[in-house]
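Trainee: Listed here are the chains, written in short residue letters.
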Amino acid sequence: MQKTLKEIAKFIGGEIVGDADIVITGICGIKEAQKGDITFLANPKYLPFIDKTGASAIITSRQIERASKPIIRTEDPSLAFAKIVSFIAPEAEAKHHTGIHPTAILGKNVSLGKDVAIGPYAVVGDYAIIGDNSIIYSGCFIGHHVKIGNNGLFYSNVSIRENVTIGDRVIIHSGTVIGSDGFGFVTVKSKHHKIPQLGTVIIEDDVEIGSNVSIDRARFDKTLICRGTKIDNLVHIAHNVIVGENSIIVAQAGISGSTIIGRGATLAGQAGLVGHISVGDNAVIAAQAGVTKSVPANTMVSGYPAREHSKALKINACVQNLPKLYESVTKLKKKIEELETRMNADNKSADSCG
Amino acid sequence: MQKTLKEIAKFIGGEIVGDADIVITGICGIKEAQKGDITFLANPKYLPFIDKTGASAIITSRQIERASKPIIRTEDPSLAFAKIVSFIAPEAEAKHHTGIHPTAILGKNVSLGKDVAIGPYAVVGDYAIIGDNSIIYSGCFIGHHVKIGNNGLFYSNVSIRENVTIGDRVIIHSGTVIGSDGFGFVTVKSKHHKIPQLGTVIIEDDVEIGSNVSIDRARFDKTLICRGTKIDNLVHIAHNVIVGENSIIVAQAGISGSTIIGRGATLAGQAGLVGHISVGDNAVIAAQAGVTKSVPANTMVSGYPAREHSKALKINACVQNLPKLYESVTKLKKKIEELETRMNADNKSADSCG
Amino acid sequence: MQKTLKEIAKFIGGEIVGDADIVITGICGIKEAQKGDITFLANPKYLPFIDKTGASAIITSRQIERASKPIIRTEDPSLAFAKIVSFIAPEAEAKHHTGIHPTAILGKNVSLGKDVAIGPYAVVGDYAIIGDNSIIYSGCFIGHHVKIGNNGLFYSNVSIRENVTIGDRVIIHSGTVIGSDGFGFVTVKSKHHKIPQLGTVIIEDDVEIGSNVSIDRARFDKTLICRGTKIDNLVHIAHNVIVGENSIIVAQAGISGSTIIGRGATLAGQAGLVGHISVGDNAVIAAQAGVTKSVPANTMVSGYPAREHSKALKINACVQNLPKLYESVTKLKKKIEELETRMNADNKSADSCG
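Chains as they are written, first to last, in our numbering: chain A, 1 to 354; chain B, 1 to 354; chain C, 1 to 354.
The hints are simulated quantities; they were obtained by calculation from the structure and are not laboratory data.
Everything numeric in this text was worked out from a predicted model, so none of it was measured.
It is possible that some hints are incorrect.
Given that identical chains are not distinguished, each listed pair holds provided it fits within a single copy or across any two copies.
Claimed, not checked - Distance condition first, Cα-Cα at most 30 Å in a straight line; then the derived DSS-like pairs of lysine-lysine:
id : residue 1 : residue 2
1  : Lys114    : Lys69
2  : Lys45     : Lys194
3  : Lys31     : Lys311
4  : Lys52     : Lys35
5  : Lys222    : Lys3
6  : Lys194    : Lys31
7  : Lys69     : Lys147
8  : Lys6      : Lys52
9  : Lys45     : Lys333
10 : Lys194    : Lys147
11 : Lys114    : Lys95
12 : Lys52     : Lys293
13 : Lys31     : Lys191
14 : Lys331    : Lys10
All chains, please: the whole structure from these sequences, using the hints.
Mentor: Below, the structure is given as structure tokens:
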């Protein structure tokens, strides 16, 4: 596709400095871009590339006033970039299949919206509902009575168990499992008896879920992922967990049963949370943190067991300094012994003096 | 299904306090239950709901003597609940497909028991044996010479590699892989040469394995998961590991090669164990613990590197207190300097006195 | 298959001590081996088995001079073992299907090399290229324009997204996902907007990837796994990561976006690395380490936050000793108080004396 810089600036609402009539034919990273490409500069560490890039134009922040190439100044270059890909270079995005492949198996009373695409060997259970424009890749399993909204995108080999409900514009990457049984047992005389997991999972609109994620169904009621939350690869979400709106859960984090995460929270990579606690709105859990009690809103915790981050940093500094502290204490001990020796000697001399 | 409270009390062996003739039509959590439902109260933190629940009856422990609703007093309300779901509300449990789907592919000399169910696009290799009433969901791969016992339940997209043996009543959730090659290489001049993994995996009766779990086959001999052990999502079990009977392995834990876990052990979430160690019967490994040496039976370890838990707690308390310790040491240093200054002054005055 | 010990010794370049004419019919671990088997002794802890093993012959290192059984002395018994399996006992290795199964779906303009094997219900997208002798198991998804080299081996239910490039002799275990979208969002007024991930993944020759691994595609350009690197189960590799040649990444480790790993590096199990750092050649990251800054070549780091290993060990020893340090400081404090009391008393007596 071809667009002039003027058309692009209009589309993203930015201001051009330089030749507005140049033609853009592609989009690329600042280091890899070539003639004809537009690129963008969001991270200041790439500033040195602004005059070196092979791109024909650059989307920048308002901080940049001019460059040796034409630029489009915007409030948020990353956001502008996120928007223009489908405008300038839709061919750079993943191309999905269309239509219902003849090998796809649809159960009885399945309801499909307009322009649904279902790949080869996907299986859709009885009474499932799939909304308009949703795309299901090959090898997916969609259980009976599952509801999927509009504009969904489920990559290959995703498994959605029965009765799960999924909103609009939800993206699920390959290998992910939604609605497996919660891990619940009652132990009698050291044997573990399975507690039936009768609840479900609800995934609200605009959620994205990475590859090989596991989200378990609730014992009763529901495990709930609220609107706009983004989940990375290999994350574990146990039964009855609730994750609030617009939260971020980074790869390999794990949330134990019945824990409640607020809105806008961030769980960094490999963080682990025990069950039955709550994490407040906008709280940040640092990478690898082991969270054993509830975390107040708008705070950051780190370490194991997780503590308020500034305190954890202070304690960490203390820990790093321990070899010196041991030396100090050893010196103090020696010093005290010296003082005591002197005092004993002084006393003797005082005695002799006396 | 409809049952009277009397029928339910008889089935679970409990004692009714209140109207034994009321009719129960469903089962639900104490917070979500409605008229007609029976619920249960096991966790004391839900005690406030005993008079607020919408349920028509409650299964309680012997501690509870009466309530505003009819109750059934039992030894173990969780266990009673686990039992009655299929008695009262079988429709609340997952409904599985039946029969061999015409698209299922069976290799040569496959042996199927009575009432086996195999979903669409499942693939069963040559000489595989699947026992009575076992259910294989769509997209599963069962390798050649795999043996699966009776009453197995394998959800969608499970992969079982060749020659693996699986007992009776084993449940495996979606995306799980049993029998992938152990991670073994011999490194010569910095190149890694694959060591063939010629062994297998044996999963005994009554094991349950969560979603997206990886259990590797042995180099020789077998990786072994003994009877009654329950494994949560995203767990890694390396080659030649042995896990004893009735152990619990929580989500995202990982066990390195040739490590041996006893009976009744618990590995909490994200715990990691090095290879070639042993964990004794009934030992508990705390969440995120990094276990670098063998753990005696009936002990609990935590932290990194993992230590005996009560010691780890003590050390943790010391660590948390470090900023104060540093202050104390600074004060002591100052105090000693003062004493020394005084002593020097005293000596001078003593000298002058002398 | 039958081989004489002489044939085997010639094949691996070793020296026989004992009867060179005995016939070997199988291969097995030193503990499990029986008459007719050859076994090997690499790990000194198995030395006591050298005279107990049921094997008919043993491959040993040059350190061993003789045994009660015939031996083949070699430079590296593990390497010798790795080589001879296909020579002596090819029937012990996994047996794969051959040919293109009639249910495999090939898109338009797919190019297949010689003797490619594609299992049932595998799906290969348009313009994909699969090299000679490569084996694709059932349920695999190979996206459009994917390139796979010669002698590849992809087990069941692997998902390879569009445009990914994979070299020769690459092994990928079940459930693994290559080319899922990188986890990139731009957040405006607390809503997260997806940043298109337009790049790809390149996997070079001789890489092996375990089961249920997730490797994300790059935002632009590529995520790159270089030649000879071996990756264990459940590993997460984020967008734009580069892993150098012949590195080892153990189970459940995670690497955040744009981090660069050198050649010959080792990331032990459950290690986690933040994004945008580099790890030098031959560096070792200990298990569960939380790496927050770049790691120089040829060093080892451990702990959270990860520090140079010998320093971390020293600090750990200090931490373990903290209860004693607290006692020491308490004693010092008491001692100082005593000294002060004595000094005050001495001064008084000096005063009285004066």
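Trainee: If a hint holds in the structure, say so; if it does not, say that too.
Mentor: Evaluated hints:
no.: 1; hint: Lys114 to Lys69; verdict: neither (45 Å within a copy, 50 Å between copies)
no.: 2; hint: Lys45 to Lys194; verdict: between (53 Å within a copy, 22 Å between copies)
no.: 3; hint: Lys31 to Lys311; verdict: neither (40 Å within a copy, 38 Å between copies)
no.: 4; hint: Lys52 to Lys35; verdict: within (12 Å within a copy, 70 Å between copies)
no.: 5; hint: Lys222 to Lys3; verdict: between (47 Å within a copy, 26 Å between copies)
no.: 6; hint: Lys194 to Lys31; verdict: between (55 Å within a copy, 21 Å between copies)
no.: 7; hint: Lys69 to Lys147; verdict: neither (49 Å within a copy, 36 Å between copies)
no.: 8; hint: Lys6 to Lys52; verdict: within (23 Å within a copy, 65 Å between copies)
no.: 9; hint: Lys45 to Lys333; verdict: neither (50 Å within a copy, 45 Å between copies)
no.: 10; hint: Lys194 to Lys147; verdict: both (27 Å within a copy, 24 Å between copies)
no.: 11; hint: Lys114 to Lys95; verdict: both (18 Å within a copy, 28 Å between copies)
no.: 12; hint: Lys52 to Lys293; verdict: between (50 Å within a copy, 28 Å between copies)
no.: 13; hint: Lys31 to Lys191; verdict: between (59 Å within a copy, 28 Å between copies)
no.: 14; hint: Lys331 to Lys10; verdict: neither (71 Å within a copy, 66 Å between copies)
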